[in-house]
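Visitor: Read off the chains here:
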Amino acid sequence: MAKNIYKDLLVAALQNGSVIDHIPTDKLFTLVHLLQLEDCPNPITIGNNLESSKMGKKGLIKVADKFFTDAELSRLAVVCPNMRLTVIRDYEVVEKRDILLPEELIDVVKCANPVCITNNEPMKTRFTVHTDGENVVKCHYCGKTQTIGNIKLK
Amino acid sequence: MENRSIVSIAGYSKEKIQNLLDMATEFEKQPNRTILHDKVVATLFFEPSTRTRLSFETAANRLGARVIGFTDPKVTSSTKGETLKDTIKMVSNYADVIVMRHRLEGAAQYASEVTNVPIINAGDGSNLHPSQTMLDLYSIYKTQGTLENLNIYMVGDLKYGRTVHSLLMSMAPYNPTFHFIAPKELEMPSEYKKFLDDRGIKYIEQQDFTEDTIADADILYMTRVQKERFSDLMEYERVKDAYILKADMLGKCRDNMKILHPLPRVNEIEYDVDDSKHAYYFQQAQNGLYARQALICDVLGITLEELKK
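Same order as they appear, the protein sequences are chains B and E. Residues 1 to 154 in our numbering are what the first sequence lists, from first letter to last. Residues 1001 to 1309 in our numbering are what the second sequence lists, from first letter to last.
Source of the hints: derived by calculation from the structure; they are not laboratory data. For each residue, glycine too, the CB sits at the ideal point set by N, CA and C. None of the hints are false.
Here are some chain E residues the structure puts well away from chain B; computed CB gaps all over 12 Å: (1) 1017; (2) 1286; (3) 1302.
So the derived list for chain E, only partly shown, Cβ under 8 Å to chain B, looks like this: (4) 1083; (5) 1104; (6) 1125.
Could you build all of it, start to finish, from the sequences and the hints given here?
Guide: This is the structure:
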């Protein structure tokens, strides 16, 4: 019974909004910053070091009346792939899916190559995502690759 | 409108490459034509490169086109802070083809996305230089009669050499066997070796550059070992003379073997090699004219059949 109440507290009390779950505990505050939740006026619940059967411990973010765009989710996926997004409308879960890396990242990642055109012109960056043992991103312009763990966001 | 820009030829099919080689062959038979008499070719050299620019401008002139452009970014508005996009947009109002060289990598790709006028990449930083690759392919094809099943030896700076990387990728579909002869510090980067491994292409790496190690070569592609590439100057002093080709090293080589070099050379091919029947680097540079005529016509949609008429 006590366990159920605990669970309810985590996810139930959202009429409309989004829940990002399965967040690695060391990435939680990075994500808060990436989503610019500091400036978000909506009710927000942020939890960390919560029990998780899958991960041991996990973080979780709930934002009322906020529905993330694909671009925002792409940024998250780059920082840590395989988190879970739940979209709630009128107390019902209307969408539940893993936040996966898209095949292409438009204007999300900064190219590490200082002589790449994207670092010298006011333009959008464009990277393709390749899985080759580990995830790597390849710049559409200069062709240089970076492993996903080392990238800087734009 | 379909954008016919040539930013890279790495992804071209064998048929497409053969078509360009056949066009270059036609231009070699008859370089002077008037097929572009109503066209304007812009050569935008944001980074100076006299050799490449003269070759492109000669190609355009021999096709009857008029040439506009600049040879030095100091005289353009890029020094006033104009973006590449704005310069390309402006020139697109005047020219039918834009040949551009830029110090930044990916500049030609970006340019091709902001205009409908076809762009020919004449080198973007240390990234790509497709017209050099095309003239290398044409030189190999012309001297060997084929691109298939050749022993390609690459010598010198294989780490930073843009031309050897592009050539390696473009030769991949033709079942080559590569030999990489380079000092440890300048050996072929692992990403290119992986590229070959993935495709089951044979390669042999060695550091010795002698009469015996080059005896089986069909193509000996020489590059310059530059002092500034070494972090350890002691190492440079040790290897600097080890990758110099001398005439007395050609005694055992194959009759059909040709020596290529992207030029300029400094001392990596001794002058006594120039008189050898194997020396081909000056003709190679001349082939650049025909290869570039083929590229300019290709981006304008002129076909091989039209050239043969």
